[in-house]
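Just so you know, the protein sequences line up as chains A and B, in that order. Position 4 of the first sequence, counting from 1, maps to 3 under numbering that gives the first Met the number 0, and the rest follow consecutively. Position 134 of the second sequence, counting from 1, maps to 133 under numbering that gives the first Met the number 0, and the rest follow consecutively.
Some clues are possibly wrong.
Per label pair, the in silico range of CB-to-CB distance [said to hold, decoys possible]:
#1 B:Gly168 with A:Gln118: 28 to 38 Å
#2 A:Pro349 with B:Gly181: 24 to 34 Å
#3 A:Glu284 with B:Arg159: 20 to 30 Å
Calculated lysine to aspartate or glutamate pairs in the DMTMM-like style (CA-CA distance at most 25 Å, straight line) [stated by the list, open to error]:
#4 A:Lys298 with A:Asp370
#5 A:Lys298 with B:Asp76
#6 A:Lys355 with B:Glu24
#7 A:Lys355 with B:Glu15
#8 A:Lys355 with B:Glu176
#9 A:Lys355 with A:Asp379
#10 A:Lys355 with B:Glu119
#11 A:Lys298 with B:Glu123
#12 A:Lys298 with A:Glu284
#13 A:Lys298 with B:Glu119
#14 A:Lys355 with B:Asp76
#15 A:Lys355 with B:Glu123
#16 A:Lys298 with A:Glu272
#17 A:Lys298 with A:Glu268
#18 A:Lys355 with A:Asp370
It should be emphasised that the hints constitute simulated quantities derived from the structure, not laboratory data. Keep in mind that this is a model prediction, so the values were computed, not measured. Beta carbons: idealized from backbone N, C-alpha and C, even for Gly.
Given next are the chains, with one letter for each unit.
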Amino acid sequence: MRVAALLVPDFPLQALRRSTPELAEAPLAIAAGPLPRDEVLCVSAEAAELGVRAGMTAAQARQVAPAALVRVTPAEAAAAADEALADAAGGFSPRSRRHAPGEVLLDAGGLVPRFGSEQRIGHELLRACRHVGLDARVGIAASVGMARLAAHHGEAVVVAPGGEREFAAPLPLALLRAVLEPAPETVTMLARWGLTTAGELARLPRREVALRLGPDGTALHRLACGEETAAFVPDPLREVLREGVEVDDPIGALEPFLFLASGLLARLERRLELRGEGFFEVLLEMHLEGGGHREYRIKLVAPAREVPAVLALARLQLEASPPGAAVEGAAVLVTPGRVRLTQGSLFGAPLPAPGKLSAALARLAALVGPDRVGAPGVPDTHRPGAWTLTPFVLPEDRASVTAHLPPDASPVSPTTDHRPPATLHPVLRAFRPPRPARVVAVNGRPAVARVDGMGGRVVGWAGPYRFVGEWWGDDPYAREEFDVATADGSLLRLCFDRLEHRWFADGVYD
Amino acid sequence: MMMTCESAPMLRGLREASERWAQRERMRPRLTCGMAALDALLGGGWPQGRVGELTGPASSGRSGVAVATVSAATARDEVVAWLDLADAFNPASAAAAGTDLTRVLWVRPRGLEEAVRTAELVLEVGGFTVTVLDLGSAAITARTVPGSTRGRGRGALRLRLARAVERAGVVALVLTERPWVGTLAGATVVLGRGEARWGTCGEARWLDGIVPQVRVERGGARHDPSAGTGASFGRAAGPSASGERRERRVLGA
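Just chain B, with the same shape it has in the complex (with noise of 0.2 Å):
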């Protein structure tokens, strides 16, 4: 395309709009996601009044992720939703992992739309810090559910929660298997199946831990917020954005 002289002005324009843009948005305050790791991948945690996404098949700790947010957000003792239309959410697990249930609201919605509902009545309460919404496979198979929103009322459907988010001004995390919220999250963290750790006592053996592989596709620490740093911890977690291979970090180990 020619660049001529009356583009240039519109177009420094909008390099300075997108890059005041990205200031607001580094800007914006945190919260912690409960790991250290993972907050300084995300610049000091979830940006308050975006959607913060994590995606990942099973055993990738997008739920361990989760609760560790909820859990640490219950120690200062605020209260938070899990709208759970998954239909996953185990208490005794989100216990033992730190969760004090007494301040958790848990509600499970039925489908994707009334899902969505559910969290702008959550949101438009104020005063539940973290709102974790478990749609679980839900927003891939929505296509072949009867009477389901489609193409275009699925993106409707993300404008409403991420327009509802951002009014109220708190964290809302999205887990599913693939990233659905897109464009429109604050902060895209995508699991790889994690490395499971095992604790021993004599001849007594546990499942002790889940060592995730992670990978911060948007929101990361450095950078422009909308591009993502690639930054990862865990195992190698797969090409980057630029298409090379990690260096093997194992936390923990």
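The following block holds chain A by itself, in its conformation from the complex (with noise of 0.2 Å):
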């Protein structure tokens, strides 16, 4: 097994500079929490010149250099910088798993023949995590905890196998400790006993080092004879993407937040691209000043990674419908799709591209009215004359080459193809709502018939064609239809309704 550990050094402070990228620059020291006796848990070159250091409190920190900004990374900048890891590692295999914030491990095994070399691998990793905005580090290993051990020692280390113990020797007894995080105690022992690095304490025997120091000593004495034997467990595969961000002063209006919200769908893009996959459902979370909280849901009609889309949707739903307060904070969720070619082959039919498509049906939807835009079909019912309106989707490629039709092909029905070249399939022109039509019928068939000034002596028909149904429910049918030809050249679809005793017209035929 080859096991490959990705690792963000100084994650917070990286979290907070993905989320912040103005910060980019300044001199940051990242505090565990907002007190001034908190201590600070890393921080940036900059600040570093101006003297501040890791393990100091806040309050230090201020005082050594007050140019220093001291910050706690939010929940959710770290939260969405760790998926971003995930991502960047599930880009390369579906077997990985987040072992701690800004740490993440994958199975490696079985990517060296697209890779070429495990170096190589290597190097893909950091460039995809680098991709998603974070510096890392990289490990690969037979163990978990080598790979690990590997990832802190440098930037992209690969360990061959058996040669473990070789690779573990010189390095430093704190690497281990890092790597394995023993209890005080052991560590206080192994610093009186004089032990520095890895291979004097794998010199020791197994058996007094357990007797003594219990099992973390004999978890760091197999780690540095190279025989850690930690099983790699994956994480399962997520199925919801997040970015977040709170900000220092609540947002009021719609083209800064469109701002700030084309920032986080910038990330969710990039590492949806790791994953060959598109925006789908989009669930945008808004907390608002005062505690309150919204939520806009944008469904794409086919997954595609096209941010400004999203934005156009976004943009609609908002000004239709705004938030009524600030906002103080927000985070874009989203449920991927697998991006589909729009064009299959280089001789398939095109295709609206989804993003485009999308905004334009909101946009339409805007226009008409919501129930006036989609795909028609014709619903599982004897109901003459009843249709549906679904949302439209980009329709699946078919399976096999639909072949062209003939330009000298009649438009004919699936199930009769006898008409004539130049005859046409009798399409139907609906009346909505069906208009009311004066029939002289003679032995129950129409005679003459007259409708909103069409009509005449009837000089051809076919019918009556009989519906009854739904006579258990609240709106049953009973009708006869007719097909009729008139004298002026009028074709029309007349029911008797005989529920009603009334005459109609269906539609014209035209």
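Both chains come to you apart, so use the hints to assemble them.
As structure tokens, this is what we get:
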């Protein structure tokens, strides 16, 4: 087995800079909490030049360097950075595990044929991490502990199979302590013994180490000997990606909020790209001033990685239904979907771009009403004239290449193809609602019919077609339909409603 | 008007420009109507990037021609849009005519201006190879609708539609009872009242089809696309542009 460990040094600092790019070159000191006595966890190079060190309290850091910015990394930013790191790893292997904040493990077995060497795997992993805004280190070894040790040791370290003990020997014990985090008393005992390197610990008999240091000591000894055997259990695949941000000054206007949202969407877009997926369903969560909360759901007609399209849909929703208060924080949750090519083959039919189509459908719904835009359908019912309207989605590609309809073929029904070439299929133009008709019937069939200025003496007819149904419900129907040709050339569909005893015209054939 | 030496080069230039434009129109790619006879009259089908106009009264077959075009497009796995100002689209009828409804975007705008705006949005997306704009009687009755566009306003709508179609490079069909697009159309097909064709089997009888009377007034297969051919099929379609009655040609008899 080969395990790769990704480690983001100074993770709280990198997470904050990732979510707040304007702090990229600021002298930052990240504290564990907001109180003056809270410990500084990590400092940027700019703050270190000013004299700030990790381990100081926040108050000490401000005193030593008044120009330094002492911040606490928001939980949203840390969670988003953590997930981004996991996405970077997930782009290489579906078997990955989030070991700790800023540390991800993945099963690197089987990747060598794709990349050529484990060194190449390491470099590509680092590139993927930079793509999502994180500077990481990577270690590849035969076990979880050794891979983590390698990542703590250098930027891209590969421990060859069988060379674990030799690799670990010169490493300081502090690195092993960073990996395994033994109890303080174990650390104290090792210091008393005068041990400084893993090699020195590995030369001691394990039984004696176990007797004196217990399980912590045993684990340290195994790692020093390159015999660590912890199992690698991957996390289940995540279905939702999340990016969030909190702002110091609540945002009360639409444009600044959309600017903030575009940053979140851009980071999500980079993570989706690693997975080969796109925005499919987006949930925009807003934390409002005063403790309120609003959510906006956006669904695209097909997965796409088009941030402007999602932003346009968000704008439409926010303009239609503003949150009602200033925004203190926001998060975007994405249910990804596999991005399809809009044109599956060089000779395939062109299709609308999913992102542009989603935005256009939203605009159409706003223009004409959401109940007047969609894909038509014929429901499974015998009720004449029934139809449905469902949200329009891009159709799936057909399994086989559909042959071009020859230009000299008739527009025929799927079941009959007997019409001569210049004959049109009778297409009904519906009257909505059906229009009352004045009909003179002889022996139960129309002899004269007039509707809205059309009609006259009936010169040809077909029918009656009888329909009876849903008599058990609230809206039964019982009708007789006739297709008639009148002397003025009109082709009408007439209907006699047997429940209301009235004649209607359902439409005209055109 | 006296022809002067100064006007001759200008007129020559205008003539050459007109011929170049006509040549460009003849070279424009075409999209099949789904009917061989009409394709032949139109020189291969509807011109892409131009508005095609189908005019005629009820039962003339203009909806049938539009559905035939749409059916042919969906059979090629393309997606189409049906902008239904007339609110007359019948899904069951279209499906029976061979249209794949899963590839149809159906929009029902409420007014002429809204319909043109809808067309602009759809054409801007791209990928809808055929867009049908069914105006019904709206183009004629617009002046009687309170608050509707008048005269110059309606001309602006036609121009907006034509420009949107040209930018998109696809086929847009306008269904009206009387010509509306006018000179901005790349092809104008006028239909008269069709002849019903009945099917029988024993005592059963059904409406099997419509044989349309078709005349291409603009964008025909021969000569100058702007002049039309007056070509037609179906029953005698009435006086042609030259005032002569055409010989009766009934296809499919």
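How the hints compare with the structure:
no.	hint	result
1	B:Gly168 with A:Gln118: 28 to 38 Å	violated (50 Å)
2	A:Pro349 with B:Gly181: 24 to 34 Å	holds (30 Å)
3	A:Glu284 with B:Arg159: 20 to 30 Å	violated (40 Å)
4	A:Lys298 with A:Asp370	holds (17 Å)
5	A:Lys298 with B:Asp76	holds (24 Å)
6	A:Lys355 with B:Glu24	violated (30 Å)
7	A:Lys355 with B:Glu15	violated (41 Å)
8	A:Lys355 with B:Glu176	violated (33 Å)
9	A:Lys355 with A:Asp379	violated (32 Å)
10	A:Lys355 with B:Glu119	holds (13 Å)
11	A:Lys298 with B:Glu123	holds (20 Å)
12	A:Lys298 with A:Glu284	holds (14 Å)
13	A:Lys298 with B:Glu119	holds (23 Å)
14	A:Lys355 with B:Asp76	holds (19 Å)
15	A:Lys355 with B:Glu123	holds (9 Å)
16	A:Lys298 with A:Glu272	holds (18 Å)
17	A:Lys298 with A:Glu268	holds (15 Å)
18	A:Lys355 with A:Asp370	holds (20 Å)
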